[in-house]
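If you read the protein sequences in the order shown, they are chains A and B. Going by my numbering, the first sequence opens with residue 2, and the numbers climb by one from there. Going by my numbering, the second sequence opens with residue 2, and the numbers climb by one from there.
Everything labelled a hint here was simulated from the structure, so no lab data went into it. Just to be clear, a hint being listed does not mean it is correct.
Because identical chains cannot be distinguished in the list, a pair is counted as satisfied if it fits within a single copy or across any two copies.
List of simulated lysine-lysine pairs, DSSO-like, C-alpha gap at most 27 Å [said to hold, decoys possible]:
1. LYS205 to LYS311
2. LYS311 to LYS218
3. LYS218 to LYS343
4. LYS311 to LYS206
There are 2 protein chains.
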Amino acid sequence: MTPVFSCARIRAFAFEVFRSIGCTEADAHTATNVLLQADLRGIDSHGLARLSGYVRLWEAKRVNSTPVIKTVHETPSTAVVDGDRGLGLVVAPHAMNIAIAKAKQVGTGWVAVKNSNHFGIAGHHSMMALQHDMIGISMTNASALVAPTYSVERLLGTNPICVAIPAHEQPPFVADFATTTAANGKLEILQRKNKDAPAGWIQKKDGSPSINANELKEGGALIPLGSDFEHGSHKGFCLGAWVDIFSAVLSGANYGPWVPPFVSFLAPPADPVGEGIGHFFGAMRIDAFRPAEEFKHHMDNWIKRFREAKTVEGQPRVIIPGDPEREAESRRMKEGIPLNEKVVEDLQQLAQKLNLAWIN
Amino acid sequence: MTPVFSCARIRAFAFEVFRSIGCTEADAHTATNVLLQADLRGIDSHGLARLSGYVRLWEAKRVNSTPVIKTVHETPSTAVVDGDRGLGLVVAPHAMNIAIAKAKQVGTGWVAVKNSNHFGIAGHHSMMALQHDMIGISMTNASALVAPTYSVERLLGTNPICVAIPAHEQPPFVADFATTTAANGKLEILQRKNKDAPAGWIQKKDGSPSINANELKEGGALIPLGSDFEHGSHKGFCLGAWVDIFSAVLSGANYGPWVPPFVSFLAPPADPVGEGIGHFFGAMRIDAFRPAEEFKHHMDNWIKRFREAKTVEGQPRVIIPGDPEREAESRRMKEGIPLNEKVVEDLQQLAQKLNLAWIN
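For reference, chain A alone in the conformation it holds in the complex:
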């Protein structure tokens, strides 16, 4: 059985880990919040499961636990932020706050970030805008696992996008998705269960189709959203490319195949074209377009109409983006967070290494 942990215990442990690698109290809180939100929202691949990986990158001196995050260029509606090799979990909320502050001043704010690291779930950062009656946008590039249409080389990361839009009585619309047919996390689940992947998710080293969930270890690649050219994989490639260019070519980070890997056992490319990995954030004040109440009432109407649509047999309702994560969140807030046994083992070792008490 999968062991279940309370939110408070997980929070306390993650906080101590970040403190013991040298993060300030404030940064440790921020990073813990991002990780915890992933576990709460059911995106298990991006929560505590990643904690020991961040520590290993810090040990390898590829993560700076005391970054001096700087705005290196700005206009009234834009900024470029240098993350000083900090945890993306800390750099991203910092940058999103700048976007929000600019939106307060001139209607919208757009921040490109270089010299950062893995930023956790995109959803956390976009959703920061909601409480300000703003739309939030976040995206990040990542090390190359994805082959563009017709390519056998991996040139893009799974490059997720999240758009968070507030409503009134309805919960917010939160679309948070990798720009691939399937996120890497879904593949990892199949690997753990020793199962095949559906056709259209991955390709072999030579570009031919594969259903082997371990194909990436053999030089294969994930496929952009669309699965193949006939079903629009060139559009998924467009999306992934868009995220890469906004996150890294605008900011001065590494792009395409030059993005450094998230794991400490793989070395970053020897010929970088920029600094670290890149993100891109946006905040748009609703009332820079129309009164916020009016907009949010129409969002309620939009969400209700779509949720109440007539469905195919066997499906109770149309799923509004953000519904599954919100349901997971309210369930796990009460019942606790299940952590995979391998993750628990990994965290116990981490506790030992850092001389911390494990949460049990």
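Model the placement of chain B on the given structure of chain A, informed by the hints.
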């Protein structure tokens, strides 16, 4: 054989048509340019093939040929534009110019448009930003032909997005795509040829899969990018929803199933939730982030690296977004524009109706 017409002749004819429904000289030029660019770039479904449809909407008093386009709300980086029921072909460039002007002032400009009509190819409007060393973004909603994942009802249009990004020596990156597995234009081509559609493009009235290219006439629907849930159609739904909300809920246009149809023989919904159809435009000044030359040199590097990637057998190269359209454009500029026989027949009837000389 498909008859071929020179660019100049098509331009002159379209201009006269717009003039004879009452457009000013300037508006007729603008609208003609947008249509012509579609034909030049090989997006035949959005060029002269649509001209008689615009005239029919004007006859039905659903298009205002002499609109007074107004900015009804603005901040330094945003505006909402009321298109006054004008041709989208005219309203969209007007709105994009506002976005560009705002970007000049504060770094970026974002314009939501209501009370508009079909705006032609998204690419035209985004590409207006390129000559200013800006990134251009355009999107529009459209009448509902697409069923969200698990829905049997059509609730979204094909809702295209275009992102245009300048480079230095390389041609610009121009990703212009419907957020469905296949654009409706591709389905129309199969209908004309009496051919089946690939599995995953369309569904029947009850939501079950179909390969009948005429299924939409029987109450079927197009499917969001991804084809089915297992292959990420919920992500395509997120994209289409994003476009719908930015274009219409932000601006005050109709959204979802309330978007009025583009054809005069289908009445608009009797219970509108806004005015006309909606668009959304963005312009981001490159040097609001980093020096434009520096950015454009990195874009050259990005494009070259992707174009030169090792490919699957039988495919000479990875296609950079914008390559096929640009190649069509340079070919058709020289050789002329082929128009389908049915389109020619339709235009001849239009010439007769408006008492204009046909181009032959």
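Hint-by-hint comparison with the structure:
1. In this assembly of identical chains, the alpha carbons of LYS205 and LYS311 lie at most 27 Å apart only when taken from different copies (13 Å versus 39 Å within one copy).
2. Taking identical chains as interchangeable, the C-alpha atoms of LYS311 and LYS218 lie at most 27 Å apart only when they sit on different chains, with a minimum of 19 Å there against 42 Å within one chain.
3. Proximity of LYS218 and LYS343 under a CA criterion of 27 Å is satisfied intra-copy only: 20 Å inside one chain copy versus 53 Å between copies.
4. Only between protomers do LYS311 and LYS206 lie at most 27 Å apart by alpha-carbon distance; the minimum there is 11 Å, versus 42 Å within a single protomer.
When each numbered hint is compared with the structure, no violation occurs for any of them.
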